[in-house]
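Participant: Each chain is listed here by its residues.
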Amino acid sequence: MDKLISSVAVRALLAFLLLVALGPILWTVLSAFKDLRDIVTPVPKILFTPTLDNFATILRNPTIRDGLLNSAVVVSAAVLVGAVLGIPAAHTLARYARKWGDDVQFFVLSLRFMPPVAIALPFIVLYLDLGIYDTLFGLVLVYLITTVSTIIWLAVPAFERVPREIEEAAAMEGCGPAEIFWRFSLPVAAPSLFGALVFTFVLVWNELLLALTLAAQKATLPVVAASITSLGKEVPWGVINAATVVLVLPPLVFIGLLMGLLNSMVRSGPK
Amino acid sequence: MANITCKNIVKSYGAHPVIEGLNLEISDREFVVFLGPSGCGKSTMLRMIAGLEEVSAGHIAIGGTDVTDLPPGERGVAMVFQSYALYPHMTVADNITFGLRRQGNSRAEIAPRLKQVADLLGLTPFLERRPKNLSGGQQQRVAMARAMIKTPKVFLFDEPLSNLDAKLREKLRTEIRKIHMQLKTTTIFVTHDQLEAMTIADRIVLMRDGQIEQMGTPDEIFERPRSRFVADFIGTPAMNFVRAEIRAGDELCASGGGLTLTLSPHSFPDLVAGQKVELGLRPARMELCGQNSHNAIHGTVVLVENMGAEGQVITNVAGAEVSFVTKDFRSLSPGDPVTFSIAPDHIHVFDPETGRSLRKD
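Which chain is which? The protein sequence lines are A and B, in order.
UniProt numbering applies: residue 1 is where the first sequence begins, and numbers increase by one.
UniProt numbering applies: residue 1 is where the second sequence begins, and numbers increase by one.
It should be emphasised that the hints constitute simulated quantities derived from the structure, not laboratory data.
Here a beta-carbon is modelled for each residue, glycine too, at the ideal position from N, C-alpha and C.
Just so you know, not all the hints are guaranteed correct.
Computed cross-link-like contacts, SDA-like style, restricted to lysine to any residue with a CA-CA straight-line distance of at most 25 Å [claimed, not checked]:
no., chain 1, residue 1, chain 2, residue 2
1, B, Lys132, A, Leu258
2, A, Lys99, B, Ser12
3, A, Lys99, B, Gly14
4, B, Lys132, A, Ala12
5, B, Lys132, A, Leu47
Now the in silico label distances, taken between C-beta atoms and shown as ranges [claimed, not checked]:
no., chain 1, residue 1, chain 2, residue 2, range
6, A, Pro163, B, Ser255, 52 to 58 Å
7, B, Pro125, A, Arg98, 36 to 42 Å
8, A, Arg161, B, Ser264, 44 to 50 Å
9, B, Ser12, A, Pro163, 40 to 46 Å
10, A, Arg161, B, Pro125, 40 to 46 Å
11, A, Arg98, B, Leu168, 46 to 52 Å
12, A, Arg98, B, Arg330, 55 to 61 Å
13, B, Ser135, A, Ala15, 34 to 40 Å
14, B, Ser12, A, Leu80, 43 to 49 Å
15, B, Pro37, A, Leu80, 49 to 55 Å
16, B, Gly14, A, Leu128, 48 to 54 Å
Can you make the complete structure from the sequences, with help from the hints?
Facilitator: What follows is the structure, encoded as structure tokens:
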């Protein structure tokens, strides 16, 4: 009987915590489908007639559409190039340069110590001189500092957890260093690396300050979303909520896609 | 033909030498065990033969070909690791066949060989599973199958049974030996377990501090240890050591530590009266005897350890502990006076300074 009570109590507590954690998200999603008068009513409405007007407003607005596209291009490119450069670097640090690994890792992390403003101001000047101010390329370049460093920082421990014997067993079968990395270290470390990529993606996706300072016309979604709040005197809550949902969706889709890719990659060796 | 020749092998990490000028010849089809305490260089030696570790100086040849500078994949050797080192992202079948598939063999070509090794090691029901869904023993069988399917010139085992429980260890040990009798592939097996080495080896290479302490068949190592270190390392329960002095008289005789034992003059012709020696007495070579028997040792029982069929009796002989093994241990209890003896042929005599055996036959 005691057991039952404690089990029920634990479940109730968990349910409560879940509600606290997910409540705001749920509310945002619900509000995205509400008319403004359903949102601003003093008594919150659970039952309402859903509308897609908010999403229509968002997607018809060229600024937001461009922002979404810019974000997608910039963030994907920054994470992709960051992964292509960072993951092999992390493997090398973990396996062949353990001696300097800690120093390099710390240096890489120290890049993240700097407040973004400290980078942003000199970069404006540099970018204007180089002629890459307000270009997607410029944004990708500055985001690479974040993506490469974060990916290296998170991927080194992921590769260190790959048992050395697995790589040695592969070497015994005649695989060279590149083949060992591609066919063994990478797939075995994949679940941890996946976390690193997602984390990096989200970090850059939500970045506001650099995007705000280094681009004007080529605004990314966080910049656009921030500007929506000042659309008019009457705050368009429904539109803001819809914009939030649109902002959150790509990382979720990205996570799903990446997971599928990893699962298929991890399945087997050569056909 | 796949004999292995190691010539003047040196391995050092920085300025610190681990192996200094080691020479070793392993003939075709031989099952050799590298035995020694941890840190003696046996695993390093194996990894150098495998190609996973660079040789600082010297040469290694397998089947007459100098492989010193060849990468591991081109040496024609296969290795089984202590931690199994299975590929976690592949099924058992994919694990076993990876090497062959990599060489460009089609699955159809590989299938009969896969079936053969899977049957031999009892892995057929598990071929589609992932390694993490197998027990330790099954995982190690997969690792062995992966090594065997390539029909290498040499098998290398790096403490393959150390992560298994005692019962399984014994079972797999027998299997490895049986498979070797069938395939007759030259095998090097590294272990720190002397019992494992004794039971499985054609020849034991006993190492200590990067040097070969003694090489020989299990019988030679057990009956004719060349040093106190070897004698102490081999055999359970461990050998008793008693400091003694050679006595003057008609018979070759040593006394000390409360006992006086006759030695075989044929085995120790060079001993002279007054010489300080260390006697080595194997517990398994001693047995209960009557009060006035030849080479009788008198002591008091301290502890009786029941090992099932036999028991180890630990006795106090003039303040020092001496143990022996007997089937009739059940009649003994702590505090009892006890008399036991050892045949002169089974007494080992070592130089107390150098630890070298003084036996001449």
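Participant: With reference to the structure, classify each hint as holding or not holding.
Facilitator: So, going through the hints one by one against the coordinates:
1. B/Lys132 to A/Leu258: holds (23 Å)
2. A/Lys99 to B/Ser12: holds (18 Å)
3. A/Lys99 to B/Gly14: With Cα atoms ~14 Å apart, A/Lys99 and B/Gly14 stay inside 25 Å; holds.
4. B/Lys132 to A/Ala12: Given pair B/Lys132, A/Ala12 is violated - Cα atoms ~35 Å apart, limit 25 Å.
5. B/Lys132 to A/Leu47: violated (49 Å)
6. A/Pro163 to B/Ser255: 52 to 58 Å: holds (56 Å)
7. B/Pro125 to A/Arg98: 36 to 42 Å: holds (41 Å)
8. A/Arg161 to B/Ser264: 44 to 50 Å: Roughly 59 Å apart at Cβ, these two residues miss the hinted range, so it is violated.
9. B/Ser12 to A/Pro163: 40 to 46 Å: 26 Å Cβ-Cβ, so the 40 to 46 Å window is violated.
10. A/Arg161 to B/Pro125: 40 to 46 Å: With Cβ atoms ~30 Å apart, the hint is violated.
11. A/Arg98 to B/Leu168: 46 to 52 Å: violated (34 Å)
12. A/Arg98 to B/Arg330: 55 to 61 Å: holds (57 Å)
13. B/Ser135 to A/Ala15: 34 to 40 Å: Between B/Ser135 and A/Ala15, where Cβ atoms are some 39 Å apart, the hint holds.
14. B/Ser12 to A/Leu80: 43 to 49 Å: Between B/Ser12 and A/Leu80, where Cβ atoms are some 44 Å apart, the hint holds.
15. B/Pro37 to A/Leu80: 49 to 55 Å: holds (52 Å)
16. B/Gly14 to A/Leu128: 48 to 54 Å: holds (52 Å)
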